[in-house]
Every structure is written in structure tokens, then in C-alpha cells.
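Visitor: For reference, the chains in residue letters:
There are 2 protein chains.
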Amino acid sequence: MARQQRERGQRVQAIPLGGLGEIGKNCMAIQEGDHILVVDCGLSFPEEEMLGIDIVIPDFTYLLENRDKVRGLVLTHGHEDHIGAVPYLVRQLEVPVYATRLTLGLVEGKLAEAGLKLPPGSRAVKAGDTVKVGPFAVEFIRVTHSIPDSCALAIRTGAGVIVHTGDFKFDQTPVDGEFADYQRLAELGREGVLALLADSTNAERPGYTPSERVVGKNLDEIFRLARGRILLATFASNVHRIQQAIDSAARWDRKVAVVGRSMENTVEVALKLGYLHVPDGILVDVEELRRFPAQNQVILTTGSQGEPMSALTRMSVNDHKSVEIMPGDTVVFAATPIPGNEKDVARTINNLYRRGAEVIYGREAGVHVSGHGSQEEQKMMINLLRPRFFMPIHGEYRMLVHHARLAQACGIPADSILLGENGTVFEFTPQTAAIAGKVASGQVLVDGLGVGDVGNIVLRDRRQLSQDGILIVVVAIDRETGVIVGGPDIVSRGFVYVRESEGLLEEARDRVKGTLYETLSRRVPEWAVLKSAVRDVLSKYLFEKTRRRPMILPIIMEV
Amino acid sequence: MARQQRERGQRVQAIPLGGLGEIGKNCMAIQEGDHILVVDCGLSFPEEEMLGIDIVIPDFTYLLENRDKVRGLVLTHGHEDHIGAVPYLVRQLEVPVYATRLTLGLVEGKLAEAGLKLPPGSRAVKAGDTVKVGPFAVEFIRVTHSIPDSCALAIRTGAGVIVHTGDFKFDQTPVDGEFADYQRLAELGREGVLALLADSTNAERPGYTPSERVVGKNLDEIFRLARGRILLATFASNVHRIQQAIDSAARWDRKVAVVGRSMENTVEVALKLGYLHVPDGILVDVEELRRFPAQNQVILTTGSQGEPMSALTRMSVNDHKSVEIMPGDTVVFAATPIPGNEKDVARTINNLYRRGAEVIYGREAGVHVSGHGSQEEQKMMINLLRPRFFMPIHGEYRMLVHHARLAQACGIPADSILLGENGTVFEFTPQTAAIAGKVASGQVLVDGLGVGDVGNIVLRDRRQLSQDGILIVVVAIDRETGVIVGGPDIVSRGFVYVRESEGLLEEARDRVKGTLYETLSRRVPEWAVLKSAVRDVLSKYLFEKTRRRPMILPIIMEV
Chain B
11 MARQQRERGQ
21 RVQAIPLGGL
31 GEIGKNCMAI
41 QEGDHILVVD
51 CGLSFPEEEM
61 LGIDIVIPDF
71 TYLLENRDKV
81 RGLVLTHGHE
91 DHIGAVPYLV
101 RQLEVPVYAT
111 RLTLGLVEGK
121 LAEAGLKLPP
131 GSRAVKAGDT
141 VKVGPFAVEF
151 IRVTHSIPDS
161 CALAIRTGAG
171 VIVHTGDFKF
181 DQTPVDGEFA
191 DYQRLAELGR
201 EGVLALLADS
211 TNAERPGYTP
221 SERVVGKNLD
231 EIFRLARGRI
241 LLATFASNVH
251 RIQQAIDSAA
261 RWDRKVAVVG
271 RSMENTVEVA
281 LKLGYLHVPD
291 GILVDVEELR
301 RFPAQNQVIL
311 TTGSQGEPMS
321 ALTRMSVNDH
331 KSVEIMPGDT
341 VVFAATPIPG
351 NEKDVARTIN
361 NLYRRGAEVI
371 YGREAGVHVS
381 GHGSQEEQKM
391 MINLLRPRFF
401 MPIHGEYRML
411 VHHARLAQAC
421 GIPADSILLG
431 ENGTVFEFTP
441 QTAAIAGKVA
451 SGQVLVDGLG
461 VGDVGNIVLR
471 DRRQLSQDGI
481 LIVVVAIDRE
491 TGVIVGGPDI
501 VSRGFVYVRE
511 SEGLLEEARD
521 RVKGTLYETL
531 SRRVPEWAVL
541 KSAVRDVLSK
551 YLFEKTRRRP
561 MILPIIMEV
Chain A
11 MARQQRERGQ
21 RVQAIPLGGL
31 GEIGKNCMAI
41 QEGDHILVVD
51 CGLSFPEEEM
61 LGIDIVIPDF
71 TYLLENRDKV
81 RGLVLTHGHE
91 DHIGAVPYLV
101 RQLEVPVYAT
111 RLTLGLVEGK
121 LAEAGLKLPP
131 GSRAVKAGDT
141 VKVGPFAVEF
151 IRVTHSIPDS
161 CALAIRTGAG
171 VIVHTGDFKF
181 DQTPVDGEFA
191 DYQRLAELGR
201 EGVLALLADS
211 TNAERPGYTP
221 SERVVGKNLD
231 EIFRLARGRI
241 LLATFASNVH
251 RIQQAIDSAA
261 RWDRKVAVVG
271 RSMENTVEVA
281 LKLGYLHVPD
291 GILVDVEELR
301 RFPAQNQVIL
311 TTGSQGEPMS
321 ALTRMSVNDH
331 KSVEIMPGDT
341 VVFAATPIPG
351 NEKDVARTIN
361 NLYRRGAEVI
371 YGREAGVHVS
381 GHGSQEEQKM
391 MINLLRPRFF
401 MPIHGEYRML
411 VHHARLAQAC
421 GIPADSILLG
431 ENGTVFEFTP
441 QTAAIAGKVA
451 SGQVLVDGLG
461 VGDVGNIVLR
471 DRRQLSQDGI
481 LIVVVAIDRE
491 TGVIVGGPDI
501 VSRGFVYVRE
511 SEGLLEEARD
521 RVKGTLYETL
531 SRRVPEWAVL
541 KSAVRDVLSK
551 YLFEKTRRRP
561 MILPIIMEV
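Protein chains in written order, with the numbering used here: chain B, 11 to 569; chain A, 11 to 569.
Keep in mind the hints are simulated off the structure, nothing from the lab.
Any given hint could be a false lead.
Copies of the same chain are indistinguishable here, so a pair counts whether it falls within one copy or spans any two.
[Said to hold, decoys possible] Here are the computed lysine-lysine pairs in the DSBU-like style, where the Cα-Cα straight-line distance is at most 35 angstroms:
| # | residue 1 | residue 2 |
| --- | --- | --- |
| 1 | K227 | K282 |
| 2 | K523 | K541 |
| 3 | K227 | K265 |
| 4 | K555 | K331 |
| 5 | K120 | K550 |
| 6 | K550 | K448 |
| 7 | K265 | K448 |
| 8 | K523 | K265 |
| 9 | K136 | K227 |
| 10 | K120 | K353 |
| 11 | K550 | K227 |
| 12 | K523 | K448 |
| 13 | K353 | K227 |
| 14 | K227 | K127 |
| 15 | K79 | K448 |
| 16 | K541 | K555 |
| 17 | K555 | K523 |
| 18 | K389 | K227 |
| 19 | K79 | K227 |
| 20 | K79 | K127 |
| 21 | K353 | K555 |
| 22 | K550 | K389 |
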């Protein structure tokens, strides 16, 4: 064994390309010599200051520069932050994809939307399976999470076993009866684990995360008591919760319609692949649902995050094509606002109350639990595996710090804990672990069809435009004589309401005119000099009058 | 008494101009015949979609249209959401201001910044005082809140006593020893209260809000244990908390420097007026503080909300002129993120960890308590006063709904509870209460020096500019012949990174050119027709190529 390891080379690198120091776009490269295995390929949502950006994906430069070495992509589960960037990678790099059936089914849908197919060699695996990817033997180990068919990975490398938890909680009463494979994790712990790469999302949260069953119980109580229609908003991918809602609907004699594209998609895939079990006749079209009395209706819907274009948000302002909120309705938010969405969620709740609905939301209601393990579960994972080295992944920097402290509390020495960020190269041998460099990493912004074509300059411009708008000064100058033959004209957008600010813009024009004539009277200057003079006089004048700094764009037209 | 009331007219209106259906810009007009009393005059902070807006103030149209009737402005306490818009009102309407000393001191500072003074007739009052404002006798009743000198108001009107709670909690162990005046509230309850207008901020929160002393105790423990420098970020106006921090500093032999303009202001005013008690030699300049060992330093600072320009945020990215964060520092966030600020706060915490500081934050840390009473305190207020009518104020719509339910639980009949929003006219007689109309109300946006000049059109433009930028098409046309003599030129900002998109813009220019020549070849059209043709061809082409919709601005220059 030792000899074989030496032959294969005992150096292995773990290189996070996303998910460290952030929530989202999880992506980890595991490299041994000329072989790279990629674990997960997710997206994240834009920060507030990334104006106009649709999604953010990892920077794949390192993988593309080493394209001949990339042997395969394994996916731990089917959430957007683990699979959302697969089409963007696959378009550039045809690498076989390995994942459990539900995950692969969701990926196939994504690829199809992008006009792509699963690359050759891709295949579905079952929890418990081991796939060979280059020199790596990758074993899929069942864990529990807020989407079925989630796995941790035990990756056998030349330096030892690396365990990647994926996202996990230890739900002791999983809705689908599929327990985390404690036995296998414990066996690995006994055999010896070189490094544990573990989900840090809830590292700030003491105790245990409650079982998804708790939500089911509370939902059932709501279904039992509600006298009118029920609208239930939750994450589109939470198949367990959708299952529990459907079960309660069946129990309390209600029909169910699904509204909202992403939830319709998940339900379709989950039904087709057998992850969702619906009694005959329960699931109906939303138009058909209307024919039943209110107390026999349930609508499962998207919009639990108050997303402006989502079904529930539209309903809350009476702008949905087929559903109108009315007094007697009970709307359940079976979700916690993701940080950044708090105000949108609150606004939707307020509007639902304004329309006379009863709204059930918030921690006290007990209709949401996290899909991520809290501190005690994170410690349990560490203690089941007793790794030699520990590396917190999946989390903002403070979460990684807290997770590192938990590991220390479990007896992992501080110098065996690796705290890094995206792009950090962590290098392992059977005995050692160290930071061994840095590779390109970062965020690639996707705006419409453009991938990475919106960078800092464009964003800086959008920011300035968004704050104070733009003033455009156009002047036509005879290219021979340098004489002004048209303009200057000033056009503004997003700066002031023009009808109320005629005097201001009139005066601005006069000042520009004065500057132009004065500058031109001396000698015909470089246009750049002229533009800069216009910009100076205008920005000074406007700031003085308005305390605003619109973008000023002088355009000189040679005629 | 009955006769006197009849003479004065028994109809009284309460007209909220801000603070109902929202958090912030609290402002309430109480009107009896030709007499208006204004209670509070606050600002709120812009919603995310109000691009470029600095602050939001109430629409004062109703007050300005009735300027001859406005007799006075009474302020319940000195928070921005109760006094922040005073300069904007006073500039247009010179109305005497009545408030307790600290509140008035803070208002004076605000007015001075705006080049204004307190209007004639203004004066400071003490809790327990009654001032005559037109026909109204306004009694100031001490309550506890997160700023000293906070009061509720008992307003004697021709229809009966209206009690306005201001913002309040029932802190049973107030830091300054100034208890809420339970006795006076109870007396009023016995005498008979016509209507209670009560703070709804925490109507969703069960139980009691802990005393500010709890924070003091936990802070003291942090001060006792910290081995290095302590940085404490909290709300600039929380004088009680600043007092407790200073007390702990003195106890554990630390010097204190205050960093951040708004906190420096509050401390200065509170010191001058005697609301803050600082042992000699404790308070030093930040430059002087440096000369002491780290374990003898405390910095009180702004930035507890992760505000981008605040002192602590700058420190967290090593961009503050006088303070650098280093390992060994303990940074305490003695504040909860205000909804909407969660991500900014998280980012600051992450950056502080990156710089090696220890950070204490979050609910578990026990270093923040709300200034608003929870459900049990809200019920206590209702039960002390036993009003005939109840009107929830100060809160988003769902909070008003929950507060109304609490009142019902306390035995106020549902039809004696008035649920309304800004602009609703509530009319009271000694026996009745009803909604009696609607007045102008809403939000006035302040951007730089402009008050209300940024409206929906400007915001819509800013939004479009922020999402996909702008393309400007300039063409010079001979006004006599209709022949193109210059251009078309295309300039873009915030759309694509031009160097990488030359082909796209080149092709766009060709298409515009084609359209221009074709349109002009037939006959010289209205410029509007020409512009619209340019806009159509360009927006179609760009959306097809990029899936983006930049603003397209054709400018035709006649030469």
C-alpha cells in the first residue's frame, strides 16, 4: 500500500475555486499530478452592488488552463449553488459528470435549457457507489440535506482519503427514510481520514438543526385548522417539504396546484424519477383547482424570498395572471429569508396582510428548518471521521473561523486546521498539509448572454449612473475651421426632473458654451482637452447647485 | 366641562403623515377645527430601489396647505425617525417646537447644520410639564427608550384625551434611573382616555424586551476579559449604552476615544446638557489614545450597521485615517442589523476576522436590546390606559395588524380599533371614531440639495441605467437639406466593456446608419420618427445579441 502510494505520487492538492469566504458558487478542484477531479460547480447570486448582473459563477481559468488534466466532475447534490454553473463549465470543457439520479436529472434540465447535453461518459450513481475518476476512487456516501439524494464524498488519493461533506445535516428522522450513512462514515474514521473538507454554513449556530419532520408536523396543524385556501411558499427544490405538504393536503382533503416555473420544474423531475409520491387526483392544474371550494385548495408556490418576479410576490400586489389573494386565504412562508432578502420578504408579507390574508411566517411559526447541520452536528461529523487535517469550506469567512474553532474544540490541533479562501492551494501528503500557493479564482459575472464581459469599469459606470444619472453634452465642430456649427446641446437622464429644472440646465448650457468658445478662441485644442474643460465646468457648477455628481459625457462631433 | 367641550367643538382628527405602514419618518397631525398640532417630524432611509436618494421625508403638503392652522410641533424624543425632517419642515413653516432638553439640543444641532434656528416660541420642557399649543394641552409623560428624555404625550382635546406613546419600552431598571411614569399613565387610565396611539415596532415579538442594564452587564464582562484593545460599535444616539461602556472602561482602567462624526456629535451634546457622566481623564482624543497600551484602550465608534462610509467599515478594510485593526483587537457589535443592512454588517464582520480581530456579535452575545417594548409591554400600555379607541402607529402594516390583535386580546372591541395608513384621516368624537377621508401623504425624496425633484421618471431612468447602462447615438444633420453631415457615432457607458465588444458596437453603428439613410431617403421625417426608428433597430439588435436592454438615446444635432 505504501509503495503503491509512492508510485502514484503522494502529493495531493485541494484547490477551492468557489465557496470559501462566501455563500454560493461552490467548486473544488482535487488534483494529484496530472489529474484533476472537480467537486461541484455552483452559482451564486449577485451582491447588491453588482448592478444588472443576473448570476455569478466561478472563474474557471485554472481548469481551462489545465483542461487536459480534468478527469471528471462529481456533484454532491442538486442545489443551484452546487450545480448552477455546470452549463457554463460544460460549454467550455466536455468533462463527464457523476451524480446521483435526482441531481443528474436536475443538471440535465439545466443543460437542455442552455442547448447542451450531458458530456459523454457521464452517469448516474447511487449512494454507496464508488466511481473511478482518473486515479481517484470517489465513493458517494448518503447524507441528509434539504434536497433528496445528497451525498458526501470519500475521495481516495495517493496521499490518503479526503472526505468532502457536500452540504449536510444529521436529520435523525428523514422524511424519505434515507438516513445519513453513519456506519460508513464511522468506518472511514476508523480506517483513517487524511483530510475533512466540511460544510460551514451553520457554524455560528449552537445545538442541533431540527428535523424536517418538525416542519411537516407544524404544516399539518396549519392544514388542519385553516378554513380557507392555503398558499404555501417554499424553496422550489425542497422535495421533502413539498412531499409533506402534499401528504397533509391528502390527509385534509385538499387538492394541490403548483404555481411558479422553478417549482413546477422540480416537481416534474422529482415525480418522473420517483422522488415524490402523490396520491392519485391530488395534483391538479391551477385552473382546475378553482372549481373546488376554498377549503379544499392548496397552492404550492415560489416567492418565499420575496423575489420581485415570483408568483407569490405578484399575487401580493394583485398582479398574477391566475391567482388572486382574498380574505380567508392563509399564506405560509415555509422559508427563512436568505440574507439580503429580508426587506423583500417583509414587503410581500405586508402586502398580503393588506389584501386580507392571514400570513404565517417567522421563526416562531416552526415552518422552516435549515438544511445545514448546526454546531453539534458539525462536531459529530468531525468525530465520526477523526481526520488528520481539517479544512472548513462552504461559508463566509467568519463561518470558516467558527468552524475551525469547533474542530479545535474536538481536539484537532490548531496547526492541522487549514483556513483559506478561494484560489488558495492546499497541499497534502500523508503526513503534512500546507498552503502551497494561489491560483486564479474569483467571480465571473453573467449578464444576459454575456459571461464575464461586465467587469469593474462597466459596474463602476452603472453605479455612477444609478446614483445621479448622466448629462450628455453634444457639440458639432467644423473639422477644418474648428468653429462650432451645432450645439452645445445638453441632454440628461436620471439626473433631475427636466421640466422642473429648466433654469438649471439652461444655465449649465450657457456655462458650457462660454467654456467652449473661450477654449476654442485661443487655439483649436485636442478634443480631449476640450472635453475635459467641459466636464470640469459642468461638474463644478452642478455640484454647487445640487450636491450631485452625475456622469458627464461630452461628445464632440466633427462635421 | 361638557359645555366647554361643546364650545370647542367635539371633533378631533388624527392624521398620520408618516410612520404608518412603514418604519420611519414618523409624523402625526392632530387637528381640532382650525388648529393643528404636529407630533414628531422624522425621516426614513431610502429603499434599495430609490437609487441615489439620500433620505426620505414626509410629504408636508397637508401642513403647508393649512399653514395658518399649524400651532406647534411637539417631539417625543431625539431619534432621526422622529426629528430628522424638522429642518425641512421649519424651512417652509416657522412653527414653535416643544421637546425635552436633549431632544431639543439634538434638533438645534440639525437646524444649525442646515443654516437654520429654532423658530420663535420654541422651548424645552421637562417630563411632567404641560404646554398649551393652540387649544391643546400637551402633557409630556416620561417613558423609557434607547435615548434619554423620551416621552409619551397626553393631548387634551375637545373630544377627550388622546395619548401618543412616542417610542417606548418599559425598562424596569433604566440606566439613568428615570422610570416610565407608570403612576401618571394609570391616572390617565382612570380618568378616561379617548384614544391611544401606540408604537407597534415590536408587535411581532412575544414577551418582554430586556433592560438596557443586561447589555451593560455583558459589556462589562467583555471589558473584564479582553486582553487587547476594544472597539465598540453601537447606535450613535444610544446615550445609555455609551454611558455603560464608559463606566466599564473606567472600572477596567481603560481610556475611551470616540470616532465617527454622528457619535462625536451625540456625545458632545449629551455631555454639554448633562446626560452623560464621564469621570475625569477617561475621554481622550483618538491620537492620544494610541499612547496607552492596547489593553487600556477603548474606541467607541459608528458603523454598527456596516454603513459603507462609516468609521468601523473603513477600519475593516484598512481604510481609516487614524485606526488600524490588528490581531488582539476585540470588536463588539452592540447593535442588531436594521432590516436591509444584514449583508453589509456580515461583510464588515468577515473583514474584521480577516484582519485578525475577535468579533462579538449576534443575538447570543447579549450586547444589544431593542428600545421598543415587546408584546407584553404593549399590552401593559393598553391596560394602564384602557382607551376607548386604539390606533396602532409606528410600524409596517403587518406590525400594525399584530398590534391591533394584541389590543383585541386586551379586550378592546374590534370596531374600536383603527387600522390605517399614512394620509388616513381618523376622526374622533367623545363617543365615536371613524375613518373620515384621506389627505395628501407619501414620500418626498431628498437627493443632495434637491427636495422632491427626483420623482418616478428620474428613478425609472436611474433603474434602467443601473441595470444595463446607456447607448448614445449622435448624428448631425444639415437642417436645410436633411443630409447627414456627421456621425452616426455611438458612445456607451455601463453596457459592455468596449474594448472587448468592438465588433458588436461596429455592427450596431452600421445598422443605425442603414436605418438613418433609408428613413431619410424617402423624405425628411420628423426627428421624433427618426429617433424612434433608431431606437427600434438598435434595441432589437442588442437584445438579440446580449439579452440586455440598455437605455438608447438618439441625439440629432441640426447644423
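Visitor: State for each hint whether it applies.
Guide: Comparing the hints with the structure gives:
Only within a single protomer do K227 and K282 lie at most 35 angstroms apart by alpha-carbon distance; the minimum there is 26 angstroms, versus 58 angstroms between protomers. Within a single copy, K523 and K541 get their C-alpha atoms as close as 12 angstroms, and across copies as close as 25 angstroms, so both meet the 35 angstroms cut-off. Taking identical chains as interchangeable, the C-alpha atoms of K227 and K265 lie at most 35 angstroms apart only when both belong to the same chain, with a minimum of 19 angstroms there against 55 angstroms between chains. Taking identical chains as interchangeable, the C-alpha atoms of K555 and K331 lie at most 35 angstroms apart only when they sit on different chains, with a minimum of 30 angstroms there against 46 angstroms within one chain.
For the homomeric pair K120 and K550, the shortest alpha-carbon distance between copies (26 angstroms) is at most 35 angstroms, but the shortest distance inside one copy (51 angstroms) is not. For the identical chains of this complex, K550 and K448 are neighbours neither inside a copy (45 angstroms) nor across copies (43 angstroms), given an alpha-carbon limit of 35 angstroms. With identical chains, the CA atoms of K265 and K448 are never at most 35 angstroms apart, being 55 angstroms at best within one copy and 42 angstroms at best between copies. In the homo-oligomer, the alpha carbons of K523 and K265 never lie at most 35 angstroms apart, since the shortest distance is 71 angstroms inside one protomer and 58 angstroms across protomers.
In this assembly of identical chains, the alpha carbons of K136 and K227 lie at most 35 angstroms apart only when taken from the same copy (30 angstroms versus 54 angstroms across copies). Taking identical chains as interchangeable, the C-alpha atoms of K120 and K353 lie at most 35 angstroms apart whether they share a chain (29 angstroms) or sit on different chains (29 angstroms). Taking the shortest alpha-carbon separations for K550 and K227, neither the intra-copy value of 64 angstroms nor the inter-copy value of 52 angstroms comes in at or below 35 angstroms. When the C-alpha separation of K523 and K448 is checked against a cutoff of 35 angstroms, the pair qualifies neither within a copy, at 54 angstroms, nor between copies, at 49 angstroms.
Taking the shortest alpha-carbon separations for K353 and K227, both the intra-copy value of 28 angstroms and the inter-copy value of 32 angstroms come in at or below 35 angstroms. For a Cα distance limit of 35 angstroms, the shortest separation of K227 from K127 qualifies neither inside one copy, at 40 angstroms, nor across copies, at 61 angstroms. For a Cα distance limit of 35 angstroms, the shortest separation of K79 from K448 inside one copy, 18 angstroms, qualifies, whereas the shortest one across copies, 71 angstroms, does not. When the C-alpha separation of K541 and K555 is checked against a cutoff of 35 angstroms, the pair qualifies both within a copy, at 21 angstroms, and between copies, at 31 angstroms.
For a Cα distance limit of 35 angstroms, the shortest separation of K555 from K523 inside one copy, 18 angstroms, qualifies, whereas the shortest one across copies, 39 angstroms, does not. Taking the shortest alpha-carbon separations for K389 and K227, both the intra-copy value of 28 angstroms and the inter-copy value of 31 angstroms come in at or below 35 angstroms. Taking CA atoms no more than 35 angstroms apart as the test, K79 paired with K227 passes in neither setting, with 49 angstroms inside one copy and 59 angstroms between copies. For a Cα distance limit of 35 angstroms, the shortest separation of K79 from K127 inside one copy, 21 angstroms, qualifies, whereas the shortest one across copies, 73 angstroms, does not.
Taking the closest pair of Cα atoms, K353 and K555 come within 35 angstroms of each other both inside a single copy (34 angstroms) and across two copies (34 angstroms). Proximity of K550 and K389 under a CA criterion of 35 angstroms is satisfied in neither setting, with 60 angstroms inside one chain copy and 56 angstroms between copies.
Going through the hint list in order, the structure does not satisfy hints 6, 7, 8, 11, 12, 14, 19, 22.
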